[in-house]
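Engineer: As you go down the protein sequences, you meet chains H and C in turn.
Heads up, the final residue of the first sequence is numbered 727 in our numbering, and it's a clean run with no missing numbers.
Heads up, the final residue of the second sequence is numbered 255 in our numbering, and it's a clean run with no missing numbers.
Treat the hints as calculated values from the structure; they're not laboratory data.
Remember, predicted model here, so these are calculated numbers, not experimental data.
All clues stand as given, with none of them false.
Simulated crosslink set (DSS-like; lysine-lysine; CA at most 27 Å straight-line):
1) C/93 with H/706
2) H/421 with H/411
3) H/706 with C/238
4) H/312 with H/411
5) C/60 with H/30
6) H/706 with C/228
On the chain C side, residues computed to face chain H include the following (Cβ under 10 Å):
7) 7
8) 22
9) 129
10) 158
11) 227
12) 232
13) 233
We treat Cβ as the ideally placed atom computed from N, Cα and C, and that holds for glycine.
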Amino acid sequence: MTMTLPLLPALSSLLLLLLYCLSVSCSRLKEQIYQDLDPKQIKSCFRRLNGTTTIGCTSERGGNVGVLLFVDTIAEITILEDPTFAPYVVLVNPEIYSDALLTGLEATGHVTGVILPSVTGGRWAGKVPQPGYSDDSICPNSATSLYKNTSEQCTQGSAWNTPGSGLMWRSFNFPIFYLPDTTTTEDLYTCSLTHNNLTSGLSWPLCSVQLSSNMHAASDSQTCMRRSNLLNNLTPQQFCDPLSDSNLHYFVSARNRTQESGDTRESSPASVILVSTRLDALTMFDQTEVGFDSPTTGLVALLAAAKLVSEKMSSLAYRDGVENIMFLLVNGEAFDNTGSSRLVFDMERGEFPHSLDLSGTDDFANGTQPTLNLTNIRTMIELGQLSNYSSSTLFLHTENNPTGVVGQIEKFSRQNNLTIKKATRTAIPPSSAQTFLSTSPSLHTVFLSNYDTSYTTPVYHSVYDTAQYHNYNHTQGPDQPLVAHLAKVAVVLAQTVISLASEQEADLSPDQVSTLINELLQCYTVSANCSMFHEASSPNPESFPWAGKTVNTPFPQYVGVNPSPHTLQTRKVLQLLTGEKTPLDQNSTDLSDQQTACLTKNSQQSVYSYTFLVGPGCYNGSHVTCASCYQTTVGQSEASSPAFTAGVMESYDWTSGQYPTWTESIWKEISFRSFLQGDPAHDQLVLGVGVAVFLVSMVSVWWVEKNAVLIFPHSGGDYRLGGNLDT
Amino acid sequence: MTAYTFFGCALTAYGTPLAMFLLTISSDPVKIIILILSAFFWLLSLLLSAILWTAVIPLKEELAFGLVFSVLFQEFFRLLIYLLLDRADTYLKKLTETEETQIFANKHILAYVVGLGFGLMSGAFSLVNVLAASLGPGTLGFNGEPHNFFIVSSVMTLCMILLHTSWGVIFFSSLDTGTYWQTGFVIIAHMFVSCLSLLNSYNSGSLYAATILPSYLVLVLSMVLAVKVAGGSLGGLKAAVVGGGRGNVEVQAEQ
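Bound-form chain H, shown alone (with noise of 0.2 Å):
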């Protein structure tokens, strides 16, 4: 049968009418009916695990939908064991967010959703939960504490984070959304008050949402990366990712392992002074990991002691037996000492700043550097939370007595008018000098922080250790007595490090950084559109901050599975403050020219790093006028646990908790959306009428067919019967 033509163009009609469809008509009624959440506007609880376990929250494939009610108060909970209704996602007041309270929810087995609005303003504004909330738990890191079993371990009586609540280290079946954007949760709040109004009894419809937070990866590391890493498929499918990125360092003397003489020489045992800090903090809601206590005052009071020490040992001579000072940046520390073990792992192995495979390869041809191992560190002073939020007193943690480190801190901070008092618990708190501690147990260690038996900040690793939370405000300048502490904090370590390295006293005010420390907490807890970052950036005006977005917020400080702009960034500063500038020989004008120059530099040696930045007093609004080279002794070392390297990974033991197992699983799409919810009932009246039609149109249709002859008598048409039979 030739036929076939009208199916042609009726196909692709058929075409045409989709893509209408697709484009204008069809969403309006969707429109009409659902109200869609921008994905930017909702921080998720997501998926990690690790060795033995899964924590963090995800939904079922579609979505999770459930009846909107608002909670109150904790006794406001029995609601939900009700059936009727179920199931339920409840708002909740930010005051009662608690263990406890999630607990409950779980307990009635109605719920599949929580969503958390935030305090910066409007209807829950300011009410952080009493006396304090921190997603982390009581004895943060004590998987991998240096005390576990041991007398001075961290337990319920002597507990470093008082306000821990354990909720990030819990696993939940339903998703937990924190909504920042006040208009939404108000609106929601409104949705629920006036369609799901609990006084008057709920009846359908009812206001209702819908979460969607699926996620790929289950049951533990292990699990996870042997499916992630099957070949026998076409498509290879990842369920989860590492936690990794990078730790910094920075060296304030260049090393070389070739000498002029042509010898290759090694560092020597106990050298080099070792100043590190915390990069990461945690929360339990994604891109919300914005830590002002910790890591923002150790990290900004570390940069602006590197600038210091940099500035001064230029001109002066080291001391005996000291070669260098290392200031350290680690990452990925809230999961178990994750950069500071693999550090640790790096130095072991000779690894450390690099690997010095020189078989075959002219990687290094003009320099390299001698490796570093925990032998040649003679001291490690170490920075945790620094805000004088609670009082002005700076406790000295000690571990291996080391009198002269705390003789000279002692010595500076009454020159700066610094309260110091060493701390009345013996343990050293959780830290990255746990880490280093474990394998060289003599280490001289000093940790400096804000509190002496616990932490003073209540609101350790939460989405409220903000700017916000500790009045800090950058209109108010250098003087404000935030900034005024971390200078003078700042002052004193520098001093110290330098006294240490070279029997000198360094004649340091804390004005000269008290500028930069405000700067470097705008930029790291207020928003990163700020003038430090502009300066330390590359001019390319593709990249960050020159093109796209305005960003207004700053950038999270979690660890991650890639490199995050706050690693990259905070590099850039460090290399910013601390590298020198260098004349490039090719007299160029163009700043890609100059920018390519200055990278080649890079090749073949690993003694400098050279990096291309705006720099101060480069630049104009949005418009860069001109860059300079750097060269720097900055650089940066992998972060990822030791038990996902190549040679690790095929042999470990994922339960034996040798090392850090954090891996954090993937999702393809987190949404929200609130539409009202119909009756089922009517729903399946709905379906009863429709199947009733359809049989009863079948059953008619066939009679008429079949009886077509007697009620058509008159239709005057041939009929083929038979063929006998001819009108």
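Model the placement of chain C on the given structure of chain H, informed by the hints.
Structural biologist: Then chain C, alone, in the frame of chain H:
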């Protein structure tokens, strides 16, 4: 509102036309082809309506303007397909000589198939958007819209599909026999039902009864007229009800 509503609405609207298709058309390939051809003609009329709507920018928001011209275009294309099939009648008869089909022998069957084609495509366009929206967990009502929107849409769609079928029969027969008042009836009835549906968007659904009942009244009228025009009779219907199922014709025996 979930899969229940989706299937319920789909079956309500498309149940009867599906039954008609399955039982009267699907067995005959030529009927299927003519069905698709007439559906395509309806699509062309929609294309023309859309072009007009895009072209006349100031009246884009006025639903009534687009609606009136859409009705006129649909009827125009019904005329076009009539003319096409009429002109090609001999050729089509020759082409289907070897096929066992009655469609070109009995003009009313052809008209019925064409009408059903129009109706199916019109029904598809009316409801597929609504059905897609009904699949999710939410329902209308945030801004005071009526909750029974989905089922009412399906009921209206069913009405339109059956109306198109009847009008096809009436239209073709009227042009064959020259009874042009029936042609006028089709056009006026179509305009009436379409304009009546404009009332649906007012008063958030309280006027649903005022649009559905008259539309179904017009449907009954059109079906009765169509059956009459196709040669049906009340007596025949009674005979079928009483002694139905024999399926043979009583012929006067030759003396």
